[in-house]
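Residue numbers (the working numbering), protein chains in the order written: chain A, 1 to 215; chain B, 1 to 215.
One thing to keep in mind: the hints can contain errors.
Chain A stretches covered by chain B per the calculated footprint, using a threshold of three residues with CB under 8 Å from any CB of chain B [claimed, not checked]: (1) 64–74; (2) 78–90; (3) 105–113.
No more than 25 Å apart at the CA atoms, straight line, and that leaves these computed lysine-lysine pairs for DSS-like [what the hints assert, rightly or not]: (4) A:LYS2 x A:LYS22; (5) B:LYS144 x B:LYS189; (6) B:LYS2 x B:LYS40; (7) A:LYS144 x B:LYS40; (8) A:LYS144 x B:LYS22; (9) A:LYS2 x A:LYS40; (10) A:LYS144 x A:LYS189; (11) B:LYS22 x B:LYS2; (12) B:LYS2 x A:LYS2; (13) A:LYS40 x B:LYS144.
Hints in this document: simulated from the structure, not taken from any laboratory. Note that beta-carbon positions come from the ideal geometry of N, C-alpha and C, so glycine has one too.
In case you want the letters, here they are:
2 protein chains.
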Amino acid sequence: MKMYGNWRSAAAFRVRIALNLKGIAYEEIFLDLDAGDQFKPDFLAINPQGAVPALFDGEGAPLTQSLAILDYLEETHPEVPLLPAGPRARARVRSLAQVVACDTHPLYVPRVRNFLMENYGLPRERMLEFLRNAFTTGLRILEKRLSTEAGTGRFCEGDAVSHADLCLISLWIGTGIFGIDTEPYPTVKRIADAMLALDAVARAHPLRQPGAPAP
Amino acid sequence: MKMYGNWRSAAAFRVRIALNLKGIAYEEIFLDLDAGDQFKPDFLAINPQGAVPALFDGEGAPLTQSLAILDYLEETHPEVPLLPAGPRARARVRSLAQVVACDTHPLYVPRVRNFLMENYGLPRERMLEFLRNAFTTGLRILEKRLSTEAGTGRFCEGDAVSHADLCLISLWIGTGIFGIDTEPYPTVKRIADAMLALDAVARAHPLRQPGAPAP
């Protein structure tokens with residue numbers, strides 16, 4: 001497979017982990033988001049949304065939106081499974097994943113940050129209050145649910161990695177970048193640490209991708 | 001089934017349509033979001049996120065997040081199907097649905113609007129610039145994709161209603177409430193009109209739910 005991505009993209013990170021865990025060979029094409037590559041005609045013809053990831057599986061149209069791609073990979077490459085078997089457990093995994101991918105991550109992407117600065121004239125430091133509110137709201141909900149719901153195990157749902165863990169770690173990575181205090185979220189931290197210990201996650205890590213700053 | 005919802009919630013609207021199309025009997029319990037019912041301990045025990053919808057299917061934990069609920073309903077009540085059969089078509093439906101449910105709707109929910117007004121001291125009219133930007137970005141992407149991608153038919157994917165259409169109409173309904181110019185989005189409008197003509201959608205319409213203002 002071939003994926004347009006960017007080392008910094010939380011959504012591309014999720015997809016890389018799934019590809020690694022399922023043992024699917026892929027090539028990642030680095031899109032320079034700072035240079036605005038995502039808004040150039042060549043890429044807009046691939047994804048009119050001007051966003052990564054965009055995944056090509058052989059011929060055929062590009063696949064976009066990280067959660068849609070994760071479900072596609074699950075349906076076309078069921079091994080190793082990243083969703084549990086029962087409908088209720090699957091619904092819980094998807095709900096946890098969507099706390100991140102719907103209600104948290106879209107609030108802190110560059111286009112939102114830029115709109116706040118450009119439209120309202122906010123300096124970067126004040127704009128970041130919006131971003132930090134998104135992070136802490138998402139982390140608080142995850143912590144509350146993961147620390148109280150019966151389904152939680154070594155990972156978000158039992159002892160197997162699922163879409164919820166891919167989303168969790170894609171959020172967690174941002175806490176370092178944006179200086180978010182992680183002390184109030186011990187259960188999220190425990191699961192993030194378990195994820196980071198996996199080779200498939202380590203290889204997918206943002207800082208190990210093309211274009212990332214040197215360590 | 002029993003659903004905690006609110007007439008105004010775009011996410012609850014999506015779930016109501018699915019329940020109606022699948023012929024699943026349900027009772028909706030009105031949660032007064034203006035009175036802050038979603039943040040009272042009784043409801044936070046159901047959904048720590050303080051958000052609707054929350055669906056109960058018999059005994060067992062509440063189901064939350066509208067897209068997760070739609071997939072749960074699809075898995076437990078496959079008739080009438082609201083996802084196409086092939087993985088690529090399913091991925092396209094999910095991607096279109098997520099343009100709305102991940103990248104558009106979460107940007108204009110009350111908690112975001114309130115944060116902008118309270119934290120930055122923006123008057124309502126200036127806050128609405130953020131909301132209108134979210135709407136027009138989402139609508140522009142949908143229009144571009146639906147008017148150019150081969151999969152589009154009478155509905156978003158071919159001639160059968162899918163999750164993408166449920167999300168599309170849940171966004172469309174907001175254009176009237178927030179005074180968004182819909183003229184640049186003729187393909188979105190055509191599909192929205194086809195949706196509104198369905199009895200299952202008409203019965204799920206926000207203005208026909210408990211708590212809605214009189215026409």
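Consistency of the hints with the structure:
no., hint, in the structure
1, 64–74, "holds (count 7)"
2, 78–90, "holds (count 3)"
3, 105–113, "holds (count 5)"
4, A:LYS2 x A:LYS22, "15 Å, holds"
5, B:LYS144 x B:LYS189, "13 Å, holds"
6, B:LYS2 x B:LYS40, "19 Å, holds"
7, A:LYS144 x B:LYS40, "15 Å, holds"
8, A:LYS144 x B:LYS22, "33 Å, violated"
9, A:LYS2 x A:LYS40, "19 Å, holds"
10, A:LYS144 x A:LYS189, "13 Å, holds"
11, B:LYS22 x B:LYS2, "15 Å, holds"
12, B:LYS2 x A:LYS2, "44 Å, violated"
13, A:LYS40 x B:LYS144, "15 Å, holds"
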